[in-house]
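Trainee: Mind assembling these two chains? They're in different frames, but the hints should get you there.
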Amino acid sequence: MKLNIIVPDNLNDITLEQYQKFAKLNTKENEGSAFLLHKMIEIFCNVNLKDIATIKYNDVQKIAEHLNKIFDVKPNLINTFILDDIEYGFIPQLDDMTLGEYIDLDNYLGDWDNIHKAMAVLYRPIKNKKEHRYQIQNYKGTNNKLLKMPVDVVLGSMGFFYNLSNELLTTTLSFLQDEIPNSLTSQQREALE
Amino acid sequence: MKWGFYQSVWGLAKGDVTRFDAVTKLNVHTCLLNLVFEKEKNELEKRLIKQNK
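Sequence order for the protein chains is C and U.
Under our numbering, read the first sequence as residues 1 to 193, first letter to last.
Under our numbering, read the second sequence as residues 1001 to 1053, first letter to last.
Rather than coming from a laboratory, the hints here were simulated on the basis of the structure.
Mixed in with the good hints there might be a few duds.
[What the hints assert, rightly or not] Pairs of lysine to aspartate or glutamate residues, derived as EDC-like cross-links and limited to a Cα-Cα distance of at most 16 Å, are as follows:
hint: 1; chain 1: C; residue 1: Lys148; chain 2: C; residue 2: Asp113
hint: 2; chain 1: U; residue 1: Lys1025; chain 2: C; residue 2: Asp95
hint: 3; chain 1: U; residue 1: Lys1025; chain 2: C; residue 2: Asp96
hint: 4; chain 1: C; residue 1: Lys130; chain 2: C; residue 2: Glu65
hint: 5; chain 1: C; residue 1: Lys140; chain 2: U; residue 2: Glu1038
hint: 6; chain 1: C; residue 1: Lys24; chain 2: C; residue 2: Glu42
hint: 7; chain 1: C; residue 1: Lys145; chain 2: C; residue 2: Glu17
hint: 8; chain 1: C; residue 1: Lys50; chain 2: C; residue 2: Glu31
hint: 9; chain 1: C; residue 1: Lys39; chain 2: C; residue 2: Glu65
Extracted from the complex, chain U is given alone in its bound form (with noise of 0.2 Å):
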């Protein structure tokens, strides 16, 4: 994948670049940990907003 860890970093920071330092300095279970849980809501959303249409 072109992007790689970029898109992760960059999810984790919310596309604010002055934060990925700060975010590659995390513990990787607390940042894979959010990222799945990001991925997960994402789904159920997109789930229940297919639902109510």
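Chain C on its own, in the form it takes in the complex (with noise of 0.2 Å):
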């Protein structure tokens, strides 16, 4: 039986949608097993899972391989991209964010099941551009049709607020380092050294 399989390039062929059922699958418990690899060729690949018992064991091996070499690739952050005739554009100034944009962001940011809610907030479609600079649509809840959007823009923006955070953790701890001394007394200074 002749299967013609189209195996993703790089990240960017990958949905959100698709890493989601795997990042379902992809436990301590299946890892390294079969079904896992088997799973993970039917969902990137968009074969059906009988028709991967016909493909020879090599063949799968060198599937998973390279999808394995996909995923080691981290992305930066993408600022904007076209999904559906529609582009959208990462949210310009995060300082101008409302109450209500943090809340989900911050809910659902770290939750695979939900990210398509965090990416509605941080993704938007653009309403007006010029060269580099843009204007993003107000926050209007979610936007399912995100379950569509490439997984490289996901990671890279996760990547994004990743090292952001890690840089603001540096800054506040370099900065009390610095500020604390100053403000104890002389017997909690020495109560200290």
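Mentor: What follows is the structure in structure tokens.
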């Protein structure tokens, strides 16, 4: 039997929805199992699970190795992307975020099942654009269309927040190291030394 | 925590459920600053009450 498989070239070819399905199965229990290997190919290459049994084991291994290599890439923040003819832009001014946006982002950013809800806060349709500057639409809540967004955009934005929080932690720590000694009494300073 | 951000929104809207939507549209920095102020004010008042007992 001839079977045509389209293997994703990079993270941009994988949708958030596909990654969410895989993330649910990628547990410690399933780690390294043939089941996970087959599901990985089923999800990312859109092949029926029963058809994977007809592929040579060597080829299955090669596809899995290729997919694993794809996930080794750490994408940078992607500011804009196009999905279904709509251009989406990353929130241009984090400082201008509303409380509602912040709450939804905080609730959903670490939760893979609902991460598209966090993405709906971060990426919204662009309403005006001039060169590299743009304005995005107001936040209207969850946008399920974003389940089809490329996963490199998602991972890039998560990496951005990871790096940002690390930088802020370092800055806060060095600020406190400089400031705290000045605010301590001589007795407190002696106790610490 | 069971109530999470609900209690922050509740506090900022002074318990008025009809104002919840308006509160979520306010700038996050404004809201967080207000919450910290409210918290420190309550702590100070609690300390003063204890001292005066």
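Trainee: Sort out whether Glu31(C) lies within 16 Å of Lys50(C), counting only the CA atoms.
Mentor: violated, 21 Å
Trainee: Can the restraint linking Lys148(C) and Asp113(C) be considered satisfied, given a maximum Cα separation of 16 Å?
Mentor: holds, 14 Å
Trainee: Checking one constraint from the list: CA of Lys140(C) to CA of Glu1038(U), max 16 Å. Satisfied?
Mentor: The hint is violated at about 29 Å.
Trainee: Starting from Lys130(C), check that the Cα of Glu65(C) is at most 16 Å away, please.
Mentor: Answer violated: Lys130(C) to Glu65(C) is near 42 Å, above 16 Å.
Trainee: Are Lys39(C) and Glu65(C) close enough, with their CA atoms no more than 16 Å apart?
Mentor: Roughly 14 Å between the alpha carbons, so the hint for Lys39(C) and Glu65(C) holds.
Trainee: Given the hinted pair Lys1025(U) and Asp95(C), is their Cα-Cα distance within 16 Å?
Mentor: Cα-Cα ~13 Å, so holds.
Trainee: Quickly compare the C-alpha distance for Lys1025(U) and Asp96(C) to 16 Å and report which way the hint goes.
Mentor: Cα-Cα ~11 Å, so holds.
Trainee: Would you check the hint for Lys24(C) and Glu42(C), treating anything up to 16 Å between C-alpha atoms as holding?
Mentor: holds, 14 Å
Trainee: Has the given pair, Lys145(C) with Glu17(C), been kept, meaning a C-alpha gap of at most 16 Å?
Mentor: Answer holds: Lys145(C) to Glu17(C) is near 10 Å, not above 16 Å.
Of the numbered hints listed earlier, those contradicted by the structure are 4, 5, 8.
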